[in-house]
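**Student:** This is what each chain is made of:
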Amino acid sequence: MAAATELHVPEAHRESFWTRYVFSQDHKVIGIQYLLTSFVMLLIGGALAMAMRVNLAWPQSGILQADQYLAAVSMHGTLMVFFVLTPALLGGFANFLVPLKIGARDMAFPFINMLSYWVFLLSALVLLASFFAPGGPLNSGWTAYPPLSALPQAAPGSGLGQSLWLVSIAIFCVSSLLGSLNYITTILVMRTPGMRLGRLPLTVWGIFLAAILALLTFPVLMAAGILLLFDRHAGTSFFIPAGLVVGGEVIRHTGGNPLLWQHLFWFFGHPEVYIVILPPMGIVSDVIANFARKPIFGYPAMVGSMVAITVLSFLVWGHHMFVSGMHPLLGTGFAITTLLIGTPSAVKTFNWLVTLWRGKLYFSTAMLFALGFISTFVAGGLTGIFLGNAAVDIPLHDTFFVVGHFHLVMGVAALFGIFAGTYFWFPKMFGRMMDERLGRVHFWLSILGVYGTFFPMYYLGLAGMHRRIFNYQAFPYLAKLQPVQVFITLSAFLIFLGGLVFAYNLFTSLANGPRADRNPWRATTLEWFADSPPPHGNWHGDAPRVYRGPYEYSVPGAREDYLPQWLSPVEAGVEAEH
Amino acid sequence: MAVTVREVAPPPPPKPPAEPPHEDRRPEGPPPPRVATRVGIWLFVGAVTLFFLALTSALLARAEGLDWVRIPFPRILWGSTAAILSSSFALEQARRALGKGDGKRFRGRLQLAALLGGGFLAAQFTAWRELSHHGLSLANSPHTAYFYLLTGAHAAHLLGGLAWFGALVRRARRGQVDPERIADFAVYWHFLAGLWVYLFAVLFL
Ligand code: HEM
Ligand SMILES: [Cu+2]
Chain A
8 MAAATELHVP EAHRESFWTR YVFSQDHKVI GIQYLLTSFV MLLIGGALAM
58 AMRVNLAWPQ SGILQADQYL AAVSMHGTLM VFFVLTPALL GGFANFLVPL
108 KIGARDMAFP FINMLSYWVF LLSALVLLAS FFAPGGPLNS GWTAYPPLSA
158 LPQAAPGSGL GQSLWLVSIA IFCVSSLLGS LNYITTILVM RTPGMRLGRL
208 PLTVWGIFLA AILALLTFPV LMAAGILLLF DRHAGTSFFI PAGLVVGGEV
258 IRHTGGNPLL WQHLFWFFGH PEVYIVILPP MGIVSDVIAN FARKPIFGYP
308 AMVGSMVAIT VLSFLVWGHH MFVSGMHPLL GTGFAITTLL IGTPSAVKTF
358 NWLVTLWRGK LYFSTAMLFA LGFISTFVAG GLTGIFLGNA AVDIPLHDTF
408 FVVGHFHLVM GVAALFGIFA GTYFWFPKMF GRMMDERLGR VHFWLSILGV
458 YGTFFPMYYL GLAGMHRRIF NYQAFPYLAK LQPVQVFITL SAFLIFLGGL
508 VFAYNLFTSL ANGPRADRNP WRATTLEWFA DSPPPHGNWH GDAPRVYRGP
558 YEYSVPGARE DYLPQWLSPV EAGVEAEH
Chain B
483 MAVTVREVAP PPPPKPPAEP PHEDRRPEGP PPPRVATRVG IWLFVGAVTL
533 FFLALTSALL ARAEGLDWVR IPFPRILWGS TAAILSSSFA LEQARRALGK
583 GDGKRFRGRL QLAALLGGGF LAAQFTAWRE LSHHGLSLAN SPHTAYFYLL
633 TGAHAAHLLG GLAWFGALVR RARRGQVDPE RIADFAVYWH FLAGLWVYLF
683 AVLFL
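First to last, the protein sequences are chains A and B. For our numbering, count along the first sequence from 1 and bump the result up by 7. For our numbering, count along the second sequence from 1 and bump the result up by 482.
These are computed hints drawn from the structure, not numbers from a lab. Ideal placement from N, C-alpha and C gives every residue a C-beta, glycine not left out. Misleading hints may appear alongside valid ones.
What the hints assert, rightly or not - Sample of chain B residues facing chain A (criterion: CB under 7 Å; computed from the structure): (1) Val521; (2) Gly522; (3) Ala529.
Said to hold, decoys possible - Computed Cβ-Cβ distance ranges for the label pairs, DEER-style: (4) Pro513/B - Pro563/A: 38 to 48 Å; (5) Ser614/B - Gln72/A: 55 to 65 Å; (6) Ala543/B - Glu256/A: 26 to 36 Å.
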């Protein structure tokens, strides 16, 4: 954390090292703590992915045992979803950006905000502790379906490892609640004069809607987790059906329903993918408008489509359960809502493309990753239309087709959004610029790597390659696919290499990147009115007022090719917007 | 596509607007507006609602099963229902007295409301004792499992509310009264009463 030591606090307000950088209530420090923690988790989750890839490409290498493979799949998924994407976005960027962008000096509840980070860190440590549990971490995947997750004797990782996972996720739910309470309240009541809802940068809209989703769905996951803990430790049978025989012994539980877990989990799980994609949609909009020097095309449609996605995402969870058995009519209903949700996503994509059209494009690293986001979001999203149809999903379910789909549309796209945001706001966070040359190396390794890794997975899936499978060579028709697996693994190493370049860039730029001034990208939103890095309280003197929308680039008749939100009409030399 | 690609980095930004005068250097700036707390509490209530909706929808799905055996109804639950509802009522009376500037009646009703809240917990505890005397434990049947789980989760939320209530009563005794703080608390307290009525209905009707 010594990284953040550039923050300078007004003389009157000197604090000790501990209150400034460790137990800080400053939203910017908390945001950076979240972001750096997520990057550490990304390294661990990425290393697990590499181990799995080596196993799939060269099974003879013996790098993982069967249960270790399942543990690696499960921990990789859990780390990436809960401990990388969610906290980096609804922790890192939400904390750092929300007050700065709406003209507030801090969050509504700074103490609760600090608490949310420490509770989050606790949940991460509990999860990592499961690596040292007897039997290792959970084996049941990031979705933890019972009965595998409910019966301690079901698999090596179903014992302490599974319990630690559940406790960790429950703690995580608390942290998420504390965070989203803060983001929503802050955006609702702490906006500076002039910052009407219709002038909020799209990043703030994305965070706002994601926080609403988190607020309403994590409690459902918490409820499911508590039921499962009771099944494991208190002898109840919420999820465990009668008549199971494990290891030759009849289980004494009766009457539970494993499908209940799936309903509760996916009621949370589907909105969760939008929790991690709505904020990047906003970040990408901010970045694209800036580096195309154009207003975002159709701002109201952009907001409207995000709201539509938020509402619809509560109604589609059943598309994860087409093969679990459901009434055909219900399946049709879920298929229809799933296809409907594609419409607002398409609206957003077209609006980004029109924003780029005839723009003065400048390909900074942030811009490259924003374009990469659109590209992988489309390459992954289009196959969602296939999977949303029950009839097509049934043969494809639980194959690598699905693995390719969700990695591109959600995993990689959200990660690219995080990278775009990091390159874009790093100067504001630390007062220094990142190295653009290394940034480009990072980008090209990543984009080649992710297409080389995840696109062939569509082919693997169509060829019948199952997911979460350790020894696919046992099936001759799958063993023939090994050359594709080798190609994928080599590509995955490119991604990992890119990640190392990023880490190197991050640390060297923190130490001796060139100094950034207040507004290096000549951007329009309020965070660029503050010093780089902003002091505690964000602005010396009064907080800025807002006079116009967030994307006034290339306004005809204006002196500069951008009109910041804080410039009064007199300073700007243009008519006030009514 | 007719795009113009700019080769070089954008030119340096124009001079930043003149630094505003420095007399206001309070790093925290003005405190958040009063309404923030109220919004935060409503959001918290929303999250807790979803938590209980998830648990009770699980119950309703299970209650259609063949293994659903109803537990004997613990009579004391009528007592706890009466206690929590009159606690809500007393809290409202306290607020009305405060509005009229009647400090004595305000403190009296406030303490009564807190006591009734404690009484509710005691009654719930008695119900658990009674059932376990009958040999009914969590693992016994789905109805007992949901009964203990839902009443326990509700009691945990109420315990937190009581701690908050205790702090308010202590402040009121010292003569520090802020009607807005009482109103904040009332949102949560009435919510817990309403939640109990809902749980009671789901469990026994
Ligand atoms: C960066 C390169 C990445 C590689 C090479 C990679 C590779 C893999 C592999 C090999 C699997 C196991 C597939 C199976 O056997 O079923 C997997 C599963 C998964 N990955 Fe990744 N992954 C990467 C990044 C990500 C990211 C950024 C996310 C964020 C969402 C993510 C989320 C998941 C999830 C949720 C699973 C499913 C876990 C489960 O089945 O329980 N991955 N990944
Ligand atoms: Cu989904």
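**Student:** State for each hint whether it applies.
**Tutor:** Results for each hint:
For Val521/B, the interface hint holds, since its Cβ comes within 7 Å of a Cβ in chain A; the closest pair sits about 5 Å apart. Checking Gly522/B against chain A by beta carbon gives a least distance of about 5 Å; that is within 7 Å, so the hint holds. Because the closest C-beta pair between Ala529/B and chain A is about 5 Å apart, less than 7 Å, the hint holds. A hinted range of 38 to 48 Å for the beta carbons of Pro513/B and Pro563/A is consistent with their spacing of about 42 Å.
Between Ser614/B and Gln72/A, the C-beta spacing of about 45 Å breaks the proposed range 55 to 65 Å. Restraint check, Ala543/B to Glu256/A: a C-beta distance of roughly 28 Å satisfies the suggested window 26 to 36 Å.
Going through the hint list in order, the structure does not satisfy hint 5, though it satisfies all others.
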